[in-house]
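J.: First to last, the sequence lines map onto chains A and B. Position in the first sequence (first residue = 1) + 103 = the numbering used here. Position in the second sequence (first residue = 1) + 468 = the numbering used here.
Hints may be right or wrong, so weigh each one.
With beta-carbon atoms standing in for the labels, derived distance ranges [as the list claims (entries may be wrong)]: (1) Arg402/A to Asp556/B: 29 to 37 Å; (2) Arg561/A to Glu540/B: 42 to 50 Å; (3) Ile531/A to Pro542/B: 53 to 61 Å.
Calculated Cβ distances over 10 Å to all of chain A for the following chain B residues [stated by the list, open to error]: (4) Ala491; (5) Pro516; (6) Glu540; (7) Ala554; (8) Pro573.
Quick caveat, the hints were computed from the structure, so don't treat them as lab data. C-beta: ideal position from N, C-alpha, C; glycine also.
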Amino acid sequence: MPKASRRPRVAAPRDLRTAARRRAPPLRTVRVPEPFVPLFQRAQDYVARYFRGKAFRPQHGTISISGERYILLRAASMSVEFFDLVMSLYGDQGPDQARDVACNLLFDVAHAIGKADAQAFHRKMGVADPIEKLSAGPVHFSYSGWAFVDISPDSHPSPDQDYFLIYDHPYSFESDTWLRSGRRSTSPVCIMNAGYSSGWCEESFGVPLVAVEVECLAAGGKHCRFIMAPPARIEEHLARYRRRRPRSRRGLRARRKVSIPEFFQRKRMEDELRCSHELLEQRVRERTAELLGANAALRREVAERKRAEEARDEFLSVAAHELKTPLTSLRGFAQLLVMQMEDGRAPDPRRLAKALDTIERQSEKLSVLVSQLLDVSRLQAGRLVLERKRTDVAALARHVLEAAAPRTRGHVLELRAPHAVTGHVDPIRLEQVITNLVDNAIKYSPAGGPVAVAVAPRGSAIRITVTDKGLGIPPEHRDRIFDRFHQAHVERRLGGMGLGLYISREIVELHGGTLECEESTEAGTRMAVAVPRRPP
Amino acid sequence: MNAAVRVLVVDDDAAIRQFIQMALEGCGYEVTTAEDGQEALASVRAAPPRVILLDMRMPVMDGWAFTRAYRETPPPHAPIVVLTAARDAGEYASDVDADAFLAKPFNLRELLGLVGRLVEGRDS
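Same shape as in the complex, but just chain A:
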């Protein structure tokens, strides 16, 4: 193991550090961290069997291994001699330019071979796990004479952007050809090795990968050492590797040259472009969804506001109508009396009494309407506050019926209640509720008939019911009678702004109780209130 390459790393899911305790490896064709040994042994067995079936048939001009055709290349022709040839061809453009052309060609060819070999082996071995897919690669690499692979336990081969592999190639065919010919390079030469390995791994892990040789025997290094990572992360890994290496090391004289060659840049740019394109598309999708959502919310809000505005307009028009109607007769009777006095006529006492009675009733009506408007405004602002005191609710109901009696001739008002039913309630507000229910009962039984109020304790609550034998509430309105302004739209005949039940329910609910229409048929209606005897 290359000790120098060990760097303290944050423990990762696939930390390979256990290799320090590695026993004598039964693995001979590759060196890997301890946890992966069994896996690579299987690959070694497989590849060994595979290479046993090799057949050289010069009479046919074929070499085949387990039925697969191979070709042999002289290593130097693909490395030191290849560089020389390209240099001589492209020398007029400068040595750096020529070197880049050679590197580009070699890397791309080897990367393609690595990917293709990996694909073929995955098919043959029928493997799916990324590490298992990787496993045949280094072994095949050894058998086919490219190099020996020694993977550092500092590696972190995960199939994502965190993929990181640091490994050495002792006996790299490329650096070897330079050393054998007594040549030294100013920059690392194991280009095909880097291309092939990254191609195989890219195929195995399904993420774009590049490999850079950071130290090369042919360039004065102590090893042929490689770092493999996704193109977007490679520079970061290279920078970290350089920081951890003492500057005085000879192998790093060529540090400047280790800078990522152009073909890596291209791959990284493609990778980044793809990533940013995907990111962009994702952002566009998200933004579009956001905008669509915002649009829909806005449309809903506009529609709601419009509905609310229409409801308010309708309410104002109904309220004005309802307020002006009693005002009309107030003003009318007043003017009538003034006219009679101006004419010098003594008003007929019976007519006068009638006029004053109407004035009284209409001002009462007006006063109720104005109170309702104030109540609604208080309720909406949350400013309606109860003033609870110990109250006899039976007496309250009796009082309501007594007050209602003069307002009707055709109804029989009846109270069913024990002598006293006491509770802690707001007497004025609860009286308002019972009055509203009794007034509704009278209003909605125009033909007259009984209106019965019952008060009784029930558990910890007081139950109050108001029953009439009137028109009943049509089923289509039953759910909406407690809505603000509701009745005003449909029951103009009987007047009111449709606020009574809305206010009553709000008052009862402020008490912690309930107000419901218990029953309503053509034979009558029963409204039921339940209020806790004590504040909840």
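Start from chain A and add chain B according to the hints.
T.: Okay, now just chain B, sitting in the frame of chain A:
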């Protein structure tokens, strides 16, 4: 001379019918009242009025429906005065092609003057 002049008051509010009736009777008109358009239609058939004072928003049959039905009865047709508490009194009046309108709460003298002019206009 007003003894024979009949005015029909159509309004769903009893108090309003009442004071208009008292005021008109005080001036010598004969007054019939109706609570809604349907009652008013029955009334114009039984006793044709010289002037109709018409509320618009009423249950059963409103002012609009009444005017349509009334105009389909054989002539002569009495002039119609729209009395309404609605904001758009003028609009309501032109809806039904009324001869005049007063917004509630109106001036009683104004109403009596209007009825007088309509009756005289028809007389001359």
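J.: Does the Cβ-Cβ separation between Arg402/A and Asp556/B fall within 29 to 37 Å?
T.: holds (30 Å)
J.: Compute the least Cβ-Cβ separation between Glu540/B and chain A, then decide whether it is above 10 Å.
T.: holds (25 Å)
J.: Are all C-beta atoms of chain A more than 10 Å from that of Ala554/B?
T.: Non-interface label fails for Ala554/B: nearest chain A Cβ at 6 Å, not farther than 10 Å.
J.: Is the Cβ of Ala491/B farther than 10 Å from every Cβ of chain A?
T.: violated (5 Å)
J.: Within 42 to 50 Å: is that where the Cβ-Cβ distance between Arg561/A and Glu540/B falls?
T.: Roughly 59 Å apart at Cβ, these two residues miss the hinted range, so it is violated.
J.: Do Ile531/A and Pro542/B keep their Cβ atoms within the hinted range of 53 to 61 Å?
T.: The hint (53 to 61 Å, Cβ to Cβ) holds, given that Ile531/A and Pro542/B are roughly 59 Å apart.
J.: Is the Cβ of Pro573/B farther than 10 Å from every Cβ of chain A?
T.: Answer for Pro573/B: violated, closest chain A Cβ roughly 4 Å.
J.: Far enough from chain A: is every CB of that chain over 10 Å from the CB of Pro516/B?
T.: About 26 Å separates Pro516/B from the closest Cβ of chain A, which puts it past 10 Å; holds.
Comparing the model with each earlier hint shows violations of hints 2, 4, 7 and 8; every other hint is respected.
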